[in-house]
Amino acid sequence: MTGTSSDLTRVDVAGLSRLLSSGEVSAVEVTRAHLDRIAADDGRLGAYLHVEDDAALAAAAAVDQARATGAELGPLAGVPVALKDLVVTEGVPTTSGSKILEGWLPPYSATVATRLAEAGTVLLGKTNMDEFAMGSSTENSAYQVTRNPWDTDRIPGGSSGGSSAAVAGHLAPWSIGTDTGGSIRQPAAVTGIVGHKPTYGSVSRYGLIAFSSSLDQAGPMARTVLDAAVMHEVIGGHDPRDSTSIDTPLARLADAAREGAAGDLRGVRVGVVRELGGEGHTDGYEPGVLARTREAIEVLAGLGAEVTEVSCPSFDLALPAYYLIAPSEASSNLARYEGVRFGLRAGDDGSRDLDEVMALTREQGFGPEVKRRIILGTYALSSGYYDAYYGQAQKVRTLITRDFGAAFADVDVLVSPTMPTVAFPIGARVDDPIAMYAADLCTLPASLAGLPAISVPSGLSDGLPVGLQVMAPALADERCYRIAAALEAAQDAARGHRLLDELGAPAGAA
Amino acid sequence: MSSISREDVAHLARLSRLAVTDEELDRFAGQLDQVLAAVARVGEAAVADVPPMTHAVPLTNVLRPDEVTPSLSRDVVLAGAPAAEDGRIRVPRILGDAE
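If you read the sequences in order, they're chains A and B.
In this text, residue positions in the first sequence follow this note's numbering: the first is 20, and each later residue adds one.
In this text, residue positions in the second sequence follow this note's numbering: the first is 408, and each later residue adds one.
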């Protein structure tokens with residue numbers, strides 16, 4: 020840490036918090052460093068759809084001014100943050116990656132955004148994503164491709180690919196992502212960062228543009244497990260504006276991360292899920308991913324964890340169940356884009372009636388994957404098909420949940436790879452929905468059961484990041500942070516540096 | 408589980424208020440058929456006596472106090488509408504000439 024502006028983008032949130040609280044650096048310096056880095060490097064990465072620029076500097080200046088007058092500020096005051104573009108932000112463009120919301124300025128803010136603002140964080144901008152979060156590579160954005168900082172010919176994961184690329188590429192110290200079937204964990208895994216999907220209902224969905232309401236959760240994406248836990252504590256907790264919000268206090272998540280980093284896992288029982296890359300279930304898994312997973316499990320065992328293999332046979336049904344439930348709920352949620360109250364209206368020339376204008380608006384405003392899923396969901400919810408598809412899939416969720424329940428009777432957490440492969444090349448799967456959906460294979464069970472799950476880096480395969488997924492029972496998010504922090508600390512110590520340090524600085528950065 | 412034809416897709420697109428093109432009909436019919444084949448295994452799951460689920464922590468009868476809280480003003484709402492006139496959202500006609 021030399022105090023130069025370009026170095027500030029490589030400091031984690033815990034470090035920025037210390038520098039800001041002690042007055043060693045100002046919030047304006049921290050924000051300017053990130054804005055400069057975005058200006059220099061986001062043309063290459065394409066992580067942001069909108070950058071706040073002057074508004075971010077003004078917010079940072081207000082923090083500095085408050086500090087100068089002796090106001091009592093929280094530990095995160097002046098720390099910049101990026102939000103996935105489906106987090107509604109008052110007066111700040113919010114598109115959900117779709118042309119149908121191009122130019123829309125929301126009249127209110129999501130609870131997640133409000134809580135981060137109340138903690139004094141500074142909004143840098145809104146990050147790119149698959150349209151309405153439907154995708155696993157961010158290639159379904161209606162606006163731009165986002166590139167993986169480790170290899171710009173490869174995808175940054177999805178749907179929160181702008182958020183993952185921004186954090187891994189040092190264009191933001193941390194970000195908010197959302198996860199419906201893996202959209203926080205999978206992009207975190209392929210960019211070498213930490214991403215946590217909270218227990219369903221533990222982070223408010225108020226103001227998150229809905230995709231599949233029984234699955235959607237917002238959560239932290241960060242460069243360290245501790246930073247992710249700290250962000251989770253800011254955004255989590257009961258919100259009366261979300262009727263699915265759970266009214267119980269959050270566990271002490273940052274403390275759990277610190278406890279894990281201390282490196283003692285004696286007494287912790289870790290279950291390795293056979294159906295997710297274990298014996299007889301390795302089809303589609305890359306050898307490098309399986310090797311990093313095995314090594315990570317050995318590290319946990321070396322810290323004292325008791326490791327056993329467990330079987331969850333219903334997990335094989337997770338992918339088909341998910342691709343019925345999510346499109347069904349999406350087809351209902353996306354009915355609100357009718358070209359009347361907000362967003363795009365197409366073909367309103369005075370001669371067409373409302374039905375025609377609505378159909379033209381939706382045809383013009385939605386991209387192909389969104390249309391595919393609306394049509395599939397409409398089919399699955401049709402009279403005569405509902406029981407066979409949506410109803411059946413909701414019952415499969417119960418089977419998956421029972422498998423988790425049986426496993427958690429014997430172990431404290433379950434582990435698996437986060438994704439069967441490393442980041443694939445841009446364009447490789449765009450014309451093959453089934454191949455694209457396979458990227459979510461490992462993350463879907465916890466999504467369908469509503470359970471917390473984290474992805475933490477486990478190493479590199481062919482120079483590209485691999486993630487380990489740690490899943491826990493409902494409302495036991497602290498276990499994810501503890502185990503992930505233990506792995507992170509042990510690997511950082513063995514390596515002598517953080518995995519992301521191997522990414523280096525781009526040409527031109529000091 | 409059944410397959411999905413081009414005509415089915417056209418019908419579903421109408422129900423979904425999507426003015427899809429002929430080219431999209433051809434493409435989507437093939438792709439949706441593939442997706443349906445991939446999800447067909449759900450139909451084979453033995454779930455006759457299994458209840459459906461939507462939430463890891465089931466909640467019932469979530470109520471809030473019946474109190475007036477701030478809501479969006481008319482001007483703010485109209486500012487976000489694609490077309491407004493005389494303090495109202497302007498919409499295309501909803502009835503045909505003959506109706």
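Hints are not guaranteed to be accurate.
[Unchecked claim] Simulated crosslink set (SDA-like; lysine to any residue; CA at most 25 Å straight-line):
# : chain 1 : residue 1 : chain 2 : residue 2
1 : A       : Lys118    : B       : Asn468
2 : A       : Lys390    : A       : Ser401
3 : A       : Lys390    : A       : Ile445
4 : A       : Lys390    : B       : Glu474
5 : A       : Lys390    : A       : Gly446
6 : A       : Lys390    : B       : Val483
7 : A       : Lys118    : B       : Ala426
In case anyone wonders, no lab produced these hints; they're calculated from the structure.
Now for the hints, and whether the structure bears them out:
1. Proximity of Lys118 (chain A) to Asn468 (chain B) is assessed by CA-CA distance (about 37 Å); at most 25 Å being required, the pair is judged violated.
2. Proximity of Lys390 (chain A) to Ser401 (chain A) is assessed by CA-CA distance (about 16 Å); at most 25 Å being required, the pair is judged to hold.
3. Under the criterion of a C-alpha separation no larger than 25 Å, the hint pairing Lys390 (chain A) with Ile445 (chain A) is consistent with the structure, at around 21 Å.
4. Only pairs whose Cα atoms come within 25 Å are accepted, and Lys390 (chain A) paired with Glu474 (chain B) is rejected, the gap being roughly 40 Å.
5. Restraint check: the Cα-Cα separation between Lys390 (chain A) and Gly446 (chain A) comes to about 19 Å, which is no more than 25 Å; the hinted pair holds.
6. Proposed proximity of Lys390 (chain A) and Val483 (chain B) is contradicted: the alpha carbons are some 30 Å apart, above 25 Å.
7. For the hint pairing Lys118 (chain A) with Ala426 (chain B), the CA-to-CA distance comes to about 16 Å; that is within 25 Å, so the pair holds.
Checked against the numbered hints given earlier, the structure breaks hints 1, 4 and 6 and satisfies all the rest.
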